[in-house]
Each structure stands twice: as C-alpha cells, then as structure tokens.
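**Student:** In the order they appear, the protein sequences are chains A and B. The first sequence runs 1 to 120 under this note's numbering. The second sequence runs 1 to 216 under this note's numbering.
Bear in mind the hints are in silico, worked out from the structure with no lab data behind them. Quick caveat, the model's predicted, so the values are computed rather than measured. Think of the CB as a built atom: it goes at the ideal place given N, C-alpha and C, for glycine as much as any other residue. Incorrect hints may have been included.
Unchecked claim - Estimated spans, in silico, between C-beta atoms of each pair: (1) B:50 / A:92: 42 to 48 Å; (2) B:116 / A:26: 39 to 45 Å; (3) A:57 / B:215: 49 to 55 Å.
As the list claims (entries may be wrong) - Taking beta-carbon pairs under 7 Å as the criterion, some of the chain B residues facing chain A (in silico): (4) 41; (5) 138; (6) 179; (7) 180; (8) 183; (9) 186; (10) 190; (11) 191.
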Amino acid sequence: MNKKPKTLPPTLRDKQRYIAFQVIGERTFKSGEIKKAIWEASLRVLGELGTAKAKIWFIRFDEKSQTGIVRCDRAYVEQVRFALTMLTQINGSKVIMRTLGVSGTIKRLKMKFLKEFDWK
Amino acid sequence: MTSLQFIEMDIRDAKAYELAEEWFDEVVFTKKLKLEKSPDYGKLKEELKELRERYKKVALLLITNKPSLIREVKNRNLKALIYVQGGSLKINRFALEIGVDALISPEFGRRDSGLDHVLARLAAKNDVAIGFSLAPLLRANPYERANILKFMMRNWRLIEKYKVPRFLTSSAESFWEVRAPRDLASFGIAIGMEIPQAKASISFYPRKILEKLEKR
Numbered sequence: 001m002n003k004k005p006k007t008l009p010p011t012l013r014d015k016q017r018y019i020a021f022q023v024i025g026e027r028t029f030k031s032g033e034i035k036k037a038i039w040e041a042s043l044r045v046l047g048e049l050g051t052a053k054a055k056i057w058f059i060r061f062d063e064k065s066q067t068g069i070v071r072c073d074r075a076y077v078e079q080v081r082f083a084l085t086m087l088t089q090i091n092g093s094k095v096i097m098r099t100l101g102v103s104g105t106i107k108r109l110k111m112k113f114l115k116e117f118d119w120k
Numbered sequence: 001m002t003s004l005q006f007i008e009m010d011i012r013d014a015k016a017y018e019l020a021e022e023w024f025d026e027v028v029f030t031k032k033l034k035l036e037k038s039p040d041y042g043k044l045k046e047e048l049k050e051l052r053e054r055y056k057k058v059a060l061l062l063i064t065n066k067p068s069l070i071r072e073v074k075n076r077n078l079k080a081l082i083y084v085q086g087g088s089l090k091i092n093r094f095a096l097e098i099g100v101d102a103l104i105s106p107e108f109g110r111r112d113s114g115l116d117h118v119l120a121r122l123a124a125k126n127d128v129a130i131g132f133s134l135a136p137l138l139r140a141n142p143y144e145r146a147n148i149l150k151f152m153m154r155n156w157r158l159i160e161k162y163k164v165p166r167f168l169t170s171s172a173e174s175f176w177e178v179r180a181p182r183d184l185a186s187f188g189i190a191i192g193m194e195i196p197q198a199k200a201s202i203s204f205y206p207r208k209i210l211e212k213l214e215k216r
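Chain B on its own, in the form it takes in the complex (with noise of 0.2 Å):
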C-alpha cells in the first residue's frame, strides 16, 4: 500500500471505531453534545477525560443554535477538537468567525449549500476546516442523495477556490457507516476533487488538524 497515513476525524460510535481503527492509521472519535444551555463543564471535563484515556483523540461536536454556547465551549480549553454541526446560517457564520477546528457538513438539513464565498473566505482566514461527511448522504433517499451532492459540490469549487482546509470523514454513528479510505476518496472524487486532492483531504488536512490539537 501507500505510505500515506489516512485519518478518520469523526467517529461517534465504539463499534464503528473499532472498524475504522482497522482501515485508518489514526482515528478521531467524536462526541455529539447538544445544547440548549450551559452544560455542566466539571462532568463534561470527566466524560472528555474517559474518553480521552480510551480513544486517545477526541473531538467534540456541538449541535445548537445559539452562538454564544460555541464561544463558551470554546474559551473553556478542554483539550478536545471542536467541531460544529453545520445547519444553520447564523451558526455556519459564527463558528468560522470564531476559528472553531471544524464545521461539519454546512449544508446539513438545508435547501441551499450552507456556504457562500463570503464564508469560504472566512473559513480560509481563520484556519476553519470544513467536513465532508458520508452518512447523511447513506441515510437519504435518493432525491435527498442528488440534491446533497449538488450542494457538496458547491461547496468543494469554493473550498478549492479559497484554499480552504478541508476534510472528508464517514461520520459514522454506527458500524455500518464506517467505509474504507479508498472508498471515502472516491466519495470526493465524486463531488469534484482530483484524486491527489481526494487523498489529500483524508491524510494531509486532517494531519494538520491533529498538530492543532497536539499544540493545546
């Protein structure tokens, strides 16, 4: 095989990351938090710590809609990744505006890209990568499929534009979502990279996220 080291950087499921610990050379395993208010910081620091001792790498992941939870999260130095659920304009906004490490599918759940130049220009200011993950689009019928795509695609000309850092990932949420590193290039390759970019965006990019995380 090649020397490249692939890394899968969103993981929510313990079967799931036992399979991608056999594809990938390194696995990030994420943890959905979502917020409606201010969550205990002492049993969330507790929880990351158990994590932290049988996964090595962890992410955390924040579904809300309210931007100033993102900041409070943040500034709280919890030596995990932060990720954001794309979604929501206003939330797609804040978090590139804050330099969070990553937001996650920008078009998730909307009927447009999520993304506009403005944005992607941010995004490359404030070292934002941006996620590209499979399984919303296993999990949609094929209408939903087409349309995902359509947007992803979108998303990857302005990505490629602005020199984004970007990412793909399975976001797994349970075993059957996991796919191979080859496989999750072509899914790139399918919203428009070339193959060196594709390949790139499971070794190089994430690479670079990881010193991020190492440097807390």
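Bound-form chain A, shown alone (with noise of 0.2 Å):
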C-alpha cells in the first residue's frame, strides 16, 4: 500500500534553494519563535500569494549558534532575503536577521557558511 504519491522525475521537482541565516537579537530565541517570526515576515512582506509562490519552508534553526536555514523557490531568493531583511522585532525583542548565504543543497550550504558555527 502506497500512501504517498511518487517522487517526481527531476525535471518537473520544484527548483529549491537553501538559504542560511544568522539571528542576532537582544536575547537568544527558540526554534518556534524564529519559524513563527519568519512566515509572519514573508506573509506580511509578500502577501498569502507571494509566500505561496515563494514556497517558503522553515527547515531548522540551532538554538546555540542561532543560526538557521530556510527553504524557497530559486526564482524568489532575493524577496525572501528582503523579507527577513525587514524583519526588525520577534515577539517585542529587537533582532537583526542577517543572511550568510544561499545554496542548492543542505550539504553544501553547511559546508560553506555554517561550518563557523558548529554545525554538524
């Protein structure tokens, strides 16, 4: 019984890229505050239909290092850097979100600008 349908060929897989960002806030945060924060920012800086297309997924966020990493669309990189640039506050704290980097797998986007924090 196959409950999920098949993985696409390549050609039709949504194109994705990986973006790596660094937190730093006034005081350290939690994994659902920043996931919380950053689909608030897209949907307030993009619309429901721009986060849509933008396609925008929260992959995971290291409490320590407060960094993260978030997924989209290749072709909306630039608008959901722009909404985590306007991003100023997270629940009354005051926070500059800055991204480290963009990359079209995990694997390489650890490598490149996430080693400097301890990721594993």
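Put the two chains together into one complex, using the hints given.
**Tutor:** And the structure:
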C-alpha cells in the first residue's frame, strides 16, 4: 500500500534553494519563535500569494549558535531575503536577521556558510 | 566571498558603526545637523575633526528648510561629505542645483516621490547621488511601508533612466537598524534593480563619492 505519490522526475520537481541565516538579537530565541517570525514576516512582506509562490519552508534553527536554514523557490530567493531584512523584532525583542548565503543543497550550505557555527 | 568592496555610506550611531565595520569594508559616519540658523563653524569644525580621528570618513547630514544654509555649509570646505535630508521639494531642488554630495531619501515624509524627470536630469548633470535608505522603512507601519516602497520604485525608474549616481544605505540611527551588505542589495532588488545594479549601488557608486572626498 503506497500512501505517498511517487517522487517526481528531476525536471518536474520544484527548483529550490536553501538560505542560511543568523539571528542577532537582544536575547536568544527558541526555534518555534523564529519559525513563527519568518512565516509572519513572509506573509506581511510578500502576502499570501507571494508566500505561496516563494514556497517558503522552515528547515531548522540551531538555538546554540542562533543560526538556521530556510528553504524557498529559486526564483524568489531575493524576495525572501528582503522579507527577512524587513524583520525588526520578534515577540517585542529587537532583532537583526542576517543572511549568510544561499545554496542548492543543505549539505553544501552547511559546508560553505555554517561550518564556523559548529553545525554537524 | 566576492572581491567587491562593500561600502556603507550613512551610519549615524557609534554602536551601529562598530557592527557595520564588521560587515562592510568601509563605513562612513554621519553627523546629523539640524539647522535653523547659521551654526557656530569653529565648534562644528572642531567636532568634525574629532569625528574624523575616530571614524576616518565623516559626512554631514543637513536637515533644514532654508536653502541658503545649505549653500553656506557647502562653501565652508569642511572636509566632510555633505548630505542633505530630502523631504521638502524646495530643499530637494536646491540641493541638486548647488551640487552637494548626496540627497538622502527625497521621498522622506512626503505624499509623493519628491523627484521628477527635471530634478533627476539635474542630479545627473551636477553629479549628486541619490541615497535610498532602509531605516525609515523599518520604522514604518505596513501602510507607510507600501507607500514608501512605491515612491522608491518610481524614483529608481527615473534614476536608472537618467543615469543618476545612487547608493543604498541603512541610515541606521541605532544598532538594530544595521543590515548586512547582501541584505541591503536585496532591498535594492525589491525596488526594481537588477542584481548587478544593486551590487554597484553598495560598491561602485559609493566608491566614486569617496574619491570626491579624498580630493578635497
């Protein structure tokens, strides 16, 4: 019994990019707060339609180094980056979101941009 | 990383400067100067000298509604970049006519873009840069944000058409308003620039303005 649809052939798959970001804040943040903040920022700046097109997806946030990964469509990388740039506060604490870099795979992203933050 | 040198043209706070210095290759410190009447030039020169020792590159942001004061300050040879805060149409026009170094956000506090084809042409002729600053956007509510972005998009169209010098800056007045170079570029892209144009707006055009300062 197969409950999932079959994985699409490569040409039909969504073309995705992964963005590594660092959070500089007044205090440290929990993963859940960051996830909510990114979604809200995206919905506010890009709108519902824009967020749908950007196919934004929160991957992971490392609470120790305050860095994380978010996935989006490759044509909307700049829009998502702008949405993160426009973020000024999370739950009343001031914050700066700094994008570290963009890559096509999580593996390369960790190698290139997240090594210095002790990611495995 | 790329070999491009990123330059932040307008940082107005000491703590913000420290952070920006980490992220950018060069940072210009801006002193805000609200003018009602002629300032005490001896004191101002002294202050600028101190700032120059601490920050190397210093700019003076004039906030005034008297055109004659802009001329006065510009002719004083203060060894600092002269910026003018845009807003009033009279000031925008005069700043472009007299040829200051940069006009920061001509749409500031306005209900229109503050720039038309005549002024854009004038800016290109007199080599006055137009600065797009991010900080007013960060402070605004969604309604104001949408409007400011709209005006910035319109200004960008004019600036591109008439080849006016331009730069992107955070205009940070506190630590929390500083943004990384690539994030500033994404702001440029959001108002309609191509990626190379956005990158040039934080490296090539600021460099040209700094060269003007070195010659002084």
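**Student:** Hint by hint, note whether the structure agrees.
**Tutor:** We went through each hint and held it up to the structure:
The beta-carbon spacing between residue 50 of chain B and residue 92 of chain A, approximately 36 Å, falls outside the hinted interval of 42 to 48 Å. Residue 116 of chain B and residue 26 of chain A have their C-beta atoms about 42 Å apart, which keeps the hinted 39 to 45 Å range intact. The beta-carbon spacing between residue 57 of chain A and residue 215 of chain B, approximately 51 Å, falls within the hinted interval of 49 to 55 Å. The criterion of a C-beta within 7 Å of any C-beta in chain A is not met by residue 41 of chain B, whose closest approach is roughly 37 Å, and the hint is violated.
Checking residue 138 of chain B against chain A by beta carbon gives a least distance of about 5 Å; that is within 7 Å, so the hint holds. For residue 179 of chain B, the interface hint holds, the least distance from its beta-carbon to any beta-carbon of chain A being 6 Å, beneath 7 Å. For the restraint placing residue 180 of chain B at the interface with chain A, the shortest Cβ-Cβ distance is roughly 5 Å, inside the 7 Å limit, so the hint holds. Residue-level restraint check for residue 183 of chain B holds (minimum Cβ-Cβ distance to chain A is 4 Å; threshold 7 Å).
About 4 Å separates the beta-carbon of residue 186 of chain B from the nearest beta-carbon of chain A, less than 7 Å, and the hint is met. The criterion of a C-beta within 7 Å of any C-beta in chain A is met by residue 190 of chain B, whose closest approach is roughly 4 Å, and the hint holds. With a least beta-carbon distance of about 9 Å to chain A, the hint placing residue 191 of chain B at the interface is violated under the 7 Å criterion.
Consistency note: the structure conflicts with the earlier hints numbered 1, 4, 11.
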